[in-house]
Amino acid sequence: MNRGAGRNQLALLALFVLAGVVLAACLAPHLPLADPDAVDTSNRLRPPFTPGHLLGTDEFGRDLLSRLVWGARVSLLAGAATAAAAMLVGVVLGVLSGYYSGWPETVIMRLTDILMAFPYILLAIAIVAGLGPGLRNAMIAIAIVGFPIYTRLVRGIVLSVRGGEFVEAARALGSTDRLILVRHIVPQLLSPVIVAFSLDVGAKILATAGLSFLGLGTQPPTADWGSMLATGRQFVILSPHVVLLPGLAIFVIVLALNLVGDALRDFLDPRTYQ
Amino acid sequence: MRSYLARRLLLLVPVLVGVSVVVFLVLHLSPGDPAEIMLGSQATQEDLARLRRELGLTEPLYVQYLHWVTHVARGDLGRSLWMKRPVLDEVLNRYKATLVLTASGLLLSTLGGIVLGVTSAVRPHSLLDRASAVTSLFGASMPVFWLGIVLMVIFSLWLGWLPASGMWAPYGGGDLRDLLAHLILPAVTLAAASLTIIARLTRSTMLDILSQDYIRTARAKGLVEGRVVFRHGLKNALIPIVTVVGVQAGYLLGGAVLTETVFAWPGVGLLMVQGILARDFPLVQGCVLVIALTFVLINLAVDLLYAYLDPRIQYE
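So the sequences go chain by chain: A and B. The first sequence begins at 1 in this note's numbering and counts up by one. The second sequence begins at 1 in this note's numbering and counts up by one.
Think of the hints as simulated: they come from the structure by calculation, not from any bench. C-beta: ideal position from N, C-alpha, C; glycine also.
Covered by chain B, per the in silico footprint, the following chain A stretches (three or more residues, Cβ under 8 Å):
(1) 112-120
(2) 128-137
(3) 197-211
(4) 231-244
Simulated restraints, written as ranges between beta carbons of each label pair:
(5) A:54 to B:54: 50 to 60 Å
(6) B:134 to A:52: 31 to 41 Å
(7) B:54 to A:160: 50 to 60 Å
(8) B:82 to A:52: 36 to 46 Å
(9) A:160 to B:59: 40 to 50 Å
(10) A:220 to B:310: 48 to 58 Å
(11) B:33 to A:165: 51 to 61 Å
(12) B:310 to A:26: 43 to 53 Å
(13) A:28 to B:107: 40 to 50 Å
(14) B:82 to A:42: 34 to 44 Å
The task is simple: from the sequences and hints, build the whole structure.
So this is what it looks like as structure tokens:
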């Protein structure tokens, strides 16, 4: 009981952190922050707590706090949008391949098999190599490599419920396939898909940051946490904070998302709660 | 076992064809002319025409694919535009470094994960168990490239204990000691996340198994605890562990690209990133293909290991 309460408190704390970061990211244009792209070469690589620059400055003298907050907009949006796109495509294909046997199932499942025959980030890197570096292309790549997980998850659930008595009853009453799907099968998917999505946003933020770190995602001067880490890397000896802070930001937000996702799973599916 | 092996090898064919199609198509995704993308806007018409001819870009797509795949089957991955050398030579040169790094990462994460998981399961809710729960939460949330940089700052720059980058010392190195010194930080960086995942899975599987009746029987007949845990417990927990180790091998091969970039480890991943930035498509294609094939073979090995660990699988 105590452990459960402790976990709930931790998840609540994570939710507050998450809400705070999302709020700051949304309100970035209205916050009293320095221009994230304003170069000030006389103030390069200032340490944290320098007057006027709470978290210091980067190699071009740009305010790190401001870049982190503006970077949060890019990183959070990229993570949520790629996870949402992967979920949407994955769920539609999963429902189709689970409900209709025959060629749709074969085509979809072979496609997911082939995509899953690649190490996740490697395929994303390869797709970006083909499309060309840039945030939009990085997001497309991550969504493409991310959807098979949802397809497998959803197909499994659809397969297990499509032979259920309630589906047969609906069919006997003359429901069309579309009605059965929308009214009886899709509702069964909601809670597992929501849980998978909430845990996936963090993974997608990590993947986008990874591509940006390799120089394949966000391009300068736009700030996102991964690219800030990449450019700061050359100055790590002189000023470790330019690397440590963006990394810490990614770590904290992904940790918070994972904690919230875990709590959501416990809430929506009490059987997994240990 | 032999018929299972034959069936499993036969199943490799569609996967290999699929992988080769994806690798081929991926670099034809760009909306523009690949020759223009590779050579940049400064290229002359003659250069563009020559490269198009060299890459066979004037042919229909399926002809290009068949041409490419027959060359690949003969071990010809084309020529690197940037290094002006055969891609296969370049990739194989770097392959050993990637294998050393990935295998060390896998060994570290598997052994570390199993030891940590078993210890946590034997003493649930102990201090070690809680510490391992916190570490696993952290491990799953930490960007691998950031962990690498943090370890490098602490152990190379501040403490000066380990070299910060590369695989060998530029002067006077070349022995096993030198390699190990260079390997520790990248291998730990790469293994960290997988180690925590394997540890958590081992813990939950072992907890499940240690509460079974046959474990109670083993204890009741007076077996020493170590024998109960390892011979009766761990041996039966191995199948789910092997599954997750197989999945983690893919994660490690992908993660190696990031780790190699952080530590300037001279592997295929670093070569691939350099190839992308140099717009050297044949080189990138070669790197992706080799890593993907390695992953396919690891999956095959994992499947065969299942059949060995659980003979029932062969008959399914």
